[in-house]
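Between the sequences and the hints, there should be enough to build the whole structure, so can you do that?
If you read the sequences in order, they're chains W, X and Z.
Residue 417 in my numbering is what sits at position 417 of the first sequence, and the numbering runs on without skipping anything.
In short: position in the second sequence from 1, add 1000, done, that's my numbering.
In short: position in the third sequence from 1, add 2000, done, that's my numbering.
Heads up, a few of these hints could be off.
To be verified - Within a straight-line C-alpha distance of at most 30 Å, the following computed DSBU-like cross-link-like pairs (lysine-lysine) qualify:
1. W/Lys-117 x Z/Lys-2143
2. W/Lys-295 x W/Lys-337
3. W/Lys-266 x Z/Lys-2006
4. W/Lys-295 x Z/Lys-2007
Note that these hints are calculated values from the structure, not bench results.
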Amino acid sequence: MEAIRSFEQLEQYRERLKASENKDLPTVMICFGTGCQANGSRDVAEAFRKEIENQGLKVGVQIGFKTTGCHGYCENGPLVALRPSDILYLRVAPKDVSEIVEKSIKKDEVVDRLIYKDVNTKETIAQYKSIPFYKFQKRISLRNIGNIDPTSIDDYLLHDGYKGLAKALTMDPDAIISEVEASGLRGRGGGGFPTGSKWRSCKAVPSDVRYVMCNGDEGDPGAFMDRSIMEGDPHSVIEGMIIGAYAIGAHMGYIYVRDEYPLAVKNLQAAISTARDMGFLGKKILGSNFDFDIKISRGGGAFVCGESSALMRSLEGKVGEPRAKYIRSVEKGLYDKPSVLNNVETWNNVPVIIFNGANWYAGFGTKGSKGTKVFSLVGKVNNTGLVEVPMGITIKDLVEKIGGGVLGGKEFKAVQTGGPSGGCIPKALSDLPIDFDSLTEVGSMMGSGGIIVMDEDTCMVDVAKYFIHFLVEESCGKCTPCRDGLPRMLNILNAITEGRGKEGDIETLQELCDVLTYGALCGLGTSAANPVLSTIRYFKEEYDAHIHDRKCPAGVCKELITYRIDKDACTGCTLCAKKCPQECISGERKQVHTIDESRCIRCGVCKDVCNFNAVKIE
Amino acid sequence: MEKVTIIINGREVEGIKDQSVLEVARENGIPIPALCYHPEVTTSGGSCRVCLIEAHQGGRMRLVTSCNYPIRKGLEIKTDTDLVRRIRKGVLELLLARVPDSDVIRDLAGKDGITEPRFFKDEGEDNRYKCIACGLCSLVCEEVVGVCAISMLNRSREKAPGTPYHKPSSTCIGCGACVYACPTGAISMKDVGATRKIWGKQFTMITCSVCGIPYIPEAQVDWIVKTTGKDRAFFGKCPDHR
Amino acid sequence: MALTMKKIDAIISRYEKSEESLLAMLQDFQREFHYVPEKGMKRLSEILSVPESKIYAMGTFYKALSLEPRGKHTVKVCMGTACHLKGSGQILEAIERELGVKRNHTTVDKLYTIESVNCVGACAMSPVVVVDEDYYGHMRPSKIMDILNKYK
Chain W
1 MEAIRSFEQL EQYRERLKAS ENKDLPTVMI CFGTGCQANG SRDVAEAFRK
51 EIENQGLKVG VQIGFKTTGC HGYCENGPLV ALRPSDILYL RVAPKDVSEI
101 VEKSIKKDEV VDRLIYKDVN TKETIAQYKS IPFYKFQKRI SLRNIGNIDP
151 TSIDDYLLHD GYKGLAKALT MDPDAIISEV EASGLRGRGG GGFPTGSKWR
201 SCKAVPSDVR YVMCNGDEGD PGAFMDRSIM EGDPHSVIEG MIIGAYAIGA
251 HMGYIYVRDE YPLAVKNLQA AISTARDMGF LGKKILGSNF DFDIKISRGG
301 GAFVCGESSA LMRSLEGKVG EPRAKYIRSV EKGLYDKPSV LNNVETWNNV
351 PVIIFNGANW YAGFGTKGSK GTKVFSLVGK VNNTGLVEVP MGITIKDLVE
401 KIGGGVLGGK EFKAVQTGGP SGGCIPKALS DLPIDFDSLT EVGSMMGSGG
451 IIVMDEDTCM VDVAKYFIHF LVEESCGKCT PCRDGLPRML NILNAITEGR
501 GKEGDIETLQ ELCDVLTYGA LCGLGTSAAN PVLSTIRYFK EEYDAHIHDR
551 KCPAGVCKEL ITYRIDKDAC TGCTLCAKKC PQECISGERK QVHTIDESRC
601 IRCGVCKDVC NFNAVKIE
Chain X
1001 MEKVTIIING REVEGIKDQS VLEVARENGI PIPALCYHPE VTTSGGSCRV
1051 CLIEAHQGGR MRLVTSCNYP IRKGLEIKTD TDLVRRIRKG VLELLLARVP
1101 DSDVIRDLAG KDGITEPRFF KDEGEDNRYK CIACGLCSLV CEEVVGVCAI
1151 SMLNRSREKA PGTPYHKPSS TCIGCGACVY ACPTGAISMK DVGATRKIWG
1201 KQFTMITCSV CGIPYIPEAQ VDWIVKTTGK DRAFFGKCPD HR
Chain Z
2001 MALTMKKIDA IISRYEKSEE SLLAMLQDFQ REFHYVPEKG MKRLSEILSV
2051 PESKIYAMGT FYKALSLEPR GKHTVKVCMG TACHLKGSGQ ILEAIERELG
2101 VKRNHTTVDK LYTIESVNCV GACAMSPVVV VDEDYYGHMR PSKIMDILNK
2151 YK
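Below is the structure:
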C-alpha cells in the first residue's frame, strides 16, 4: 500500500487508478448490506463468482465483480446491479445467475421476470434510475453506496474520495467552519442542531485537547440509515471527521458503533486501517502539519447511549448514564474536554460540502432545513427501504411516489417519525413538507429519519404503548420522572388496551407526560411524552373507543378482539384445529370449524396457517 | 473566583460563577427542597428532581435542577411558580408511590399537599423499602471514602445499589458513610456489641480504651492507615476521649 | 469454550490497557464464554485497577452482557417498530410457547435462550428473528419450530 505524502501524490495516484480502470468491463454489483445478506445475497455472490470464473476460464470472457453496501431497495433484495448497462435485478436467487450472465452480460437482453414491475400499473422497468423508487431521490449522503466496494479505498478514491480533505487542508480552519455554517447543515441524528455553529462553539473554548466523535448508536427502532452508511461507505465518515477535527483543532476521534452492527464495525475498522496505511490518518496527513487518528468504540446494547452525554460516559468505559447538560459538551464533553459529537450522516455530508461548496448544498432543501435527508421507509409500505430526498418533500409524495403506496392497498392512516422521541402524524396532514421545524410544530420530530408507515390495521393506542414499553426498558434509571413515571404510564396504557381503562386515564397520562417533559434529566425522558401526546391529539377517538366501548377499532388489542371463522370461506381442512395450541377449534373434516372464544388466547396461529383467509378478527 | 449577581424570586443575590443555584439560594435563606444532593459530593445531584426551579436565561425559560445548575450573569430564578409546584408535586407523588414507607418522602410530599398517591404498589412491583435510587451511597463511597465497595446496578426500575454479585462485600470498610449520606435512611447497618453488619459483611469494632464503647471498624482503621499513613495507635481512643 | 485464566488474559491483551477498553473486553468475554464470568471481572479489575463494583455495574447495565451463561443458541426476536406492526409480539409468544420458557430465560436442556432485542435494522424483512448470527425474515408463528430444529 502506497503512503501518500502530498496533494500532488494523491492526484497522481488517483490518475493512475483511473487509467487502469476499465469502464467498459461488464461488472456485477451485488448488495452486501445486512438486509440483503440476511436474505441470501451471499449465496448469490458465490454463484456469480463461480459463473464468472467459468466464463473466464472456459470462454475467455472477463466479467467484473463487486460487493457493495446497501442499495436501499431492501424490500426487493437480494439486489444485483449491472454496469455499464445500469440494469437492476430484484429478488435474485442463485439459480438465476447463469441466465443473467448469458443474457445481460454477454448479450444486451433483459431477464424480464427479475426486473421491477409496478404493483399497480404492471409497467416493467429495467434501468434502475427510472424506477420510481430511485427516480425521485437525490443521493448525496448515499452517493457511493451501492456503487463502491466498501472494503476498497481505491474504489473510494475513484469516486472522488478524499478530495474534500485535500481541499480542506489548504483552507483556514475557520473558513471551513464558515463553509459548514453557510451550507445550513443541521445535525442528522435527531437534534437538528446547526453543525457549523456547534463546531464554532467548541473551537471557542480554550483547551489544549479537543475531541471529535461520531454517534453510530442508531437506536431508533426502524432506522438503519447510519448502518448502511457505516457498512457501505465507511471512508466518507472518516473523511468528514478528519475535516471536522482539522477545523476545530482536535487530534483524536472516536466512532461509537452500536453493538448490534457487527458488519459496520468490521468495515469501519478495515477502512481506518487502510486510511492509516495510506497516510490519511496519523501524523502529518497528506504532508500537512495536521495529526489525527480515530478509534472505534462498540456499544453494549443500551438505547440511552445514543444520548450524547451517556455516549461519552460509555466511551470512557463506564455505565452509560446521561448527566445534566447545563454545561454543554462542546465546553465539557469527553473526559471533560471540549468535544464535538455528530451523527454518521452529518459527518458523511461534510466532504462533499467542502468540495462542492456551501452554496451547492444550500441549493437543496427548504429555508430552515438545507440539503437532503436519508429516510428509512418501513412498515406498511410497498417499497420498504432506504431513500434520500431533498428536505421539503411531502409525506404524501414520500409514501406514494417513492414508497409505492400502502401495502396491500389498505387505507393509509399515519406516519410515525423520530422513533421513541417522536410522534404520529395523521393522514390529514400528509401534505406537510418534511423538515426539522414542520415536524416539530405538529408534535413529532425528525429524529434520525425513521419513517414508519401505518395503516387502518394499526392501533394507535397500541403504538403509544409500544413506545412507552420500549422506553421503560431502556431508561437508565437515574431520574425519578423517567424511571418511576414511565412504568405508571405503561400501566395505564396496558389497562386501556386490555379493556380496563377508566374515565380520567387520559388526563393522568397527560399529567405524567408533563412531569417527564419538564422534569426528566435527559432527552430520552423529556421527549418520551411525544408518542403518547401525539396519538391522543390526533387519534383521541381510538382511546375513547378502548376506554368507553371496550373496543379496538383496528383489531389489534388482544383482550378486545375475537377471532372468528368465516363460515363462507372455511373449507373444513382441519389445519387450524391441528395447530391451535389451546386445542379450542372444533369441527368435522370438510365442515365449517368454530373457535371456542372462551379459551382462545388470540395467538394468531390459526390465521397464519389458514390458506383460505377464513379466520377473521372482530 | 468571579463574582456573579443573579435574581432569585425578584431578589438580587451574589454568588461565584458556576456555583449551583441551590447553594446560592441556601446561602441566602431561600428554601428549595432537595434529596440526592450532598455538598461534600461533587458528583451528586440531578437524580431525584425534587429541587427543580424555573431558570430564565437569554430569553428562554426551562425547568432545571437547582443542585447542579451553574449561575452565570443574566440568570433569573423563580423557585415557587405554579409550574414548579405542579411538576414537583408530580415527582413527589411518584416517589411516594415508590416508597410509601419512607417518612422523609411522606413529609416532603405532605408539604406539597400529597398524602395518597394515585399509583399503588399492587401494580406488580415491590416497594423498594425506602430507596429512591438517587446514587448518593455509591458516589460517597467512591468520591469521599475512595473504596468503591458498592455501585448502582441495573437499569430502569431495577436500579439499586449493591455489591458485586450481591455477595458480602470484599472491599467495604464498614465506615457507614453510605448510611449517613442516604437521604431516606434506606441502607441497613446493624451494630451489636463490638460487631457491625453492613452489606452482608461482619466487622469487628475497635473499643475505646477510655470509655469502653466500640466505635470504629478495624477495617476502616486499616484503610485510613493504608491511605494516609496515620499511626494506628491514634485510633485506640474514640474522638470524645482523644 | 473452556473458562481458563489463559483465555481470559488472551482476550484482555487484545486491547489497550485502559478503562476505555472495558466494554469491548467484556463483550469479547460474552462472545467467547456466552456470558461474563466472575473470574473475568475480577481479573479485569486487577489488571486495569478499576474497582470490581464498577465493572459489575457495567455487566448489569448493558443488555449485550449477561451474567448468567446463555444457552448454546440465542434466539433473538426483533422488537423494532416495523416488526411490531407486523406481529413480532405473536412471534415471541409462539417461541415462548414452543420452548417452554419466557424471554431472558434458557431452556432446561441449555440449548436455547430467548431474548427480545432492539431493532436489528433489517426492517424490509419484518418480522425478523435472529438465531445466533443467522437472520430469518418474514417470520410467522408456523415457521418457528422448523427453524429452531435446525439448531438441535
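Hint check results:
1. The suggested pairing of W/Lys-117 with Z/Lys-2143 holds, with an alpha-carbon distance near 28 Å, which does not exceed 30 Å.
2. As the CA atoms of W/Lys-295 and W/Lys-337 are separated by approximately 17 Å, the hinted pair is consistent with the 30 Å bound.
3. Restraint check: the Cα-Cα separation between W/Lys-266 and Z/Lys-2006 comes to about 26 Å, which is no more than 30 Å; the hinted pair holds.
4. With a C-alpha separation of about 25 Å, the suggested pair W/Lys-295 and Z/Lys-2007 falls inside the 30 Å cut-off, and the hint holds.
Hint compliance for this structure: no hint is broken.
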